[in-house]
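Visitor: Fit chain Z to the known structure of chain C by using the hints.
If you read the protein sequences in the order shown, they are chains C and Z. Sequence positions in the first sequence follow my numbering and run 1 to 204. Sequence positions in the second sequence follow my numbering and run 1001 to 1475.
Read the hints as simulated data drawn from the structure, not as lab findings. Bear in mind the structure is a predicted one, so any value in this text is a computation, not a measurement. Just so you know, not all the hints are guaranteed correct.
Claimed, not checked - No more than 30 Å apart at the CA atoms, straight line, and that leaves these computed lysine-lysine pairs for BS3-like:
#, chain 1, residue 1, chain 2, residue 2
1, Z, K1172, C, K96
2, Z, K1172, C, K168
3, Z, K1446, C, K66
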Amino acid sequence: MNKFIPYTARYAVLPMENVDTDQIIPARFLKTTDKVGLGDNLFSDWRYDSNGQPKPEFLLNKPFTKGVEVLVAGTNFGCGSSREHAPWALQGFGFKAVLSTYFADIFQNNSLKNGLLPIVISPETYQLLVASDAPNPGHATLSVDLANQTVTLPDGSTMWFPIEPFAKYCVLNGVDQLGFLANADSDISAYEQTHTTRVDTVGL
Amino acid sequence: MATTPQTLFEKIWNRHQVRPETSETPAVLYIDLHLVHEVTSPQAFTELRQRGLTVRRPGQTIATMDHSTPTTPRNAQGIIPVLDTQAQAQLTQLESNCRDFGIPLFALGSENQGIVHVIGPEQGLTQPGMTIVCGDSHTSTHGAFGALAFGIGTSEVGYVLATQCLLQSRPKTMEIRINGRLSKGVGAKDIILAIIAKIGVGGGTGYVLEYTGEAIRALSMEERMTVCNMSIEGGARAGLIAPDETTFEYIKGRPRAPQGAAWDAAVADWQTLVSDEGAVYDAVVELHADEMAPMITYGTNPGMGIPITGYVPTAGDMADESARAGLAKALAYMDLEPGQSLIGKKVDVVFIGSCTNSRISDLRLAAQVMQDRKVASGVRVMVVPGSQQVKKQAEAEGLDEIFKAAGAEWREAGCSMCIAMNGDQLKPGQYAVSTSNRNFEGRQGKGGRTFLASPLTAAATAIAGAICDPREILG
Chain C
1 MNKFIPYTAR YAVLPMENVD TDQIIPARFL KTTDKVGLGD NLFSDWRYDS
51 NGQPKPEFLL NKPFTKGVEV LVAGTNFGCG SSREHAPWAL QGFGFKAVLS
101 TYFADIFQNN SLKNGLLPIV ISPETYQLLV ASDAPNPGHA TLSVDLANQT
151 VTLPDGSTMW FPIEPFAKYC VLNGVDQLGF LANADSDISA YEQTHTTRVD
201 TVGL
Chain Z
1001 MATTPQTLFE KIWNRHQVRP ETSETPAVLY IDLHLVHEVT SPQAFTELRQ
1051 RGLTVRRPGQ TIATMDHSTP TTPRNAQGII PVLDTQAQAQ LTQLESNCRD
1101 FGIPLFALGS ENQGIVHVIG PEQGLTQPGM TIVCGDSHTS THGAFGALAF
1151 GIGTSEVGYV LATQCLLQSR PKTMEIRING RLSKGVGAKD IILAIIAKIG
1201 VGGGTGYVLE YTGEAIRALS MEERMTVCNM SIEGGARAGL IAPDETTFEY
1251 IKGRPRAPQG AAWDAAVADW QTLVSDEGAV YDAVVELHAD EMAPMITYGT
1301 NPGMGIPITG YVPTAGDMAD ESARAGLAKA LAYMDLEPGQ SLIGKKVDVV
1351 FIGSCTNSRI SDLRLAAQVM QDRKVASGVR VMVVPGSQQV KKQAEAEGLD
1401 EIFKAAGAEW REAGCSMCIA MNGDQLKPGQ YAVSTSNRNF EGRQGKGGRT
1451 FLASPLTAAA TAIAGAICDP REILG
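For reference, chain Z alone in the conformation it holds in the complex:
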């Protein structure tokens, strides 16, 4: 009997339905892994306490500290001091919540602490076919492994803690096919910025994206994470990439990866997690990697991106009055002119980090550009590893010495200037090239102005002191 071809999303969804969707109620969806951090969980634990509930599966839950933690150096005792009393209170509360409810915690400064979306894959917890949630919209990152991973709010954090389930209506599916191969100096960050520039910040709303095509297959796991990470910036809660040998190779041997016979069984299962020939998506978008250049944003949402060799749009490029108003408002905030080139635009800060681009391969790319070069005078460059493990690895490779010799700051792990609630922030009016994921007004500090770009573009800009096409430096 022939079975109906299924998309990867449908396969994962069907596996996790505790109860199917009805006309009255959404599906009860089982959650395999729940990631918790200090900022979006306190009110959920309070709710649990008030109702006398426990955590159903502490062993499918892991907590870390990342958002409000400082990334300043350790003191003589090896401790990272938290000077912000409100942040300290939040961290203390996470500690007591994890202790009281039996949830493992990677506390600030401990050897596995880091950005929540860096540590899951690093520990081998993130695996193909899983459902993964976190009170953070960049949970889509884990979709790079062929896991259905999406951000939730604090109420839902409480539901998952208590029941390991969520009520979910089935989203639609969109295939984003990237044909061809990237040229030198163009990377995963440029792919996702090009996608969002094409579909817009609301284009993926209501969809789960599946990234396919030759250019996606050619990406490393860490590059795939960069692509999936920013699915939410196109409005999609989740982005998926079907697992393959690249995926299995990355997971193998990690602390929580299956081992021995369990490994073989897992891989055999994971190999079935592909969209079947003839499976139908609700929408399809196609882009060509060969045509892509390094991308940079000019405005105040991640959809406002252009090839670095291009020009800021003008009112005439906009579809309607409302979009023209949006452009005018964004350019006023950024203090940029319609039609101008961004190359050569002076910047004050370069930030290399965040759950989008803080993994070892990102740091290697930045180091490749900064090796034997100096940061331009007057530019502050912050390099913030995604986790303590990434930091350790980078130090073993001597990348920290390259950054420091160039004049960059080498810091402790955390979300840092991506979210600017931890002391790392822009001053009003400052310009930054940032490898993070959001250029919203004030995102990196009240009044700060952000250009989103790849680690290569960020590092090249650090050297030039002004927005620079990395291909100029790479030769």
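The following block holds chain C by itself, in its conformation from the complex:
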């Protein structure tokens, strides 16, 4: 995971609610044992026809979305399956952040583990982003500053977004949680000494 660097980017608007992770990356692509290459199949069933040809009407096949780095989507984005392949696919395509009025829990967790920012916005901000995009889709820009937890919107206004402090620390510094947990080793051992009743799967 790389350190977070503030950026200004163009965005694409997917105005749909309850986008589930089966749409983000269908299960048949989960037979991989790798994290890379999933971006090619991001939103596969919406993006390609039965012959594997791009459907021109789908958002990410439109020329103006080429090179966009932020996705703005309807509420409850990322619901359903826990597959971490969903953020891997979004990042593989080139997205750095997703903005929605709220995210499904597991998707949000998984995204933060990979440095893909799930940014919670108000319904008003969502409407503003949709409206700013409408006249010339894919051309409006926004800026993301994680240190200050702000997004600068196309009209120049700035909004603050919430993020759990430790997740912010990890994304800002490009580190994952495993180091922190490994450092808790003595506490974990102490816990195990006092909580001894546990199942044993070995020998099953």
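Guide: Here is chain Z on its own, set in the frame of chain C:
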């Protein structure tokens, strides 16, 4: 000194805090049991290898093969052939990962193999008061035993393998109280579909649900698993049911259940795992079992459900523009009309299986409907047991003969057409009534259309060849 009343969730949470939450860091939460399968674990093991880490507690970890495995019959050598080379590579990798890191594995075709959420309870590994995780969102199933069980991503699978812990922020609690008693032909699947239809697919986000009330107490363990299984479809990562005599009776005597004096001590402890009188939940939702009918979904998320005797909603029933757009998109995909009844709608496939409804009691219900009857012509019916043990039990009871005589396929254990990454899938445009948990676009095969329902409704539909209220057949 009076203590503050606690919810069941709080009791389990407090027991598992290695370090409490601070303003800077989430709690370090200890994980008692980690379930592993082939699809969401390979990248986690790769991470471990790259960092030179070992698995901290292999004896609190169990692996199985379920998601990408075929459910086609065994060959003459008794082996289930895997024709998909990518799936085979994934299975081979799980095998070598388990061997290298010392994790017990129920490999494809072995006597205990099955769907990860079926095998945990079956082996007696799932016990009240535990924390249980798996790289699968339906881990909520194990909450039926009064365990805090939730799905995690692959990064977190790696963290648990390496440290047996996770960093977790404390969720909120929601009581879902189901008053009254279910009427005949209405079951656990109908309860959970009714709950999700009420709270919506995002209604439980950020909460741990606790199911309470007379109707929940009356459910068997397997029915409770069906309810908790779909907690995630309401957005909640976990669903809980306080353990009681039904729970203890189910666990007793299973291979990994405590025995002798340890059993008595365990039960004494488990009996304390109830929400105290006066404990406060962050939210409460109430439903009435007496008013429930068999449920069926009409749309492309599990919240789009109606009583089978009801009608597909119209734009006028929707709260706002966005919901109207969602309804229109779902009905276009499903090729259904607003306001129509679903009863009599012809289907191509009936799928009975998945971690929601593939246990022995589910199969008994389906067999009860299909006994001495024939599957309607032109309908493909797949019955897929949740595990090899369920399969064996069903065969001992002769259920397989009932299904086969009716014209249904009796298959090997696995996730099968619930996730459609193993060869079992719908063709574009086909309609299925499915006892699984997700009706998302393409979930059961690209272009396939899913109606979620109970095993009774699925079996009745198989006989009728079209969506059928099981109460018509049960009389």
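Visitor: Next step is simple, just say for each hint if it's right about the structure.
Guide: Hint-by-hint comparison with the structure:
Distance hint between K1172/Z and K96/C is fulfilled; the C-alpha atoms sit about 29 Å from each other, no more than 30 Å. About 21 Å separates the Cα atoms of K1172/Z and K168/C, which keeps this hinted pair within 30 Å; it holds. Simply put, K1446/Z and K66/C have alpha-carbon atoms about 26 Å apart, close enough for the 30 Å limit, and the pair holds.
Going down the numbered hints, you'll see the structure goes against none, and every one checks out.
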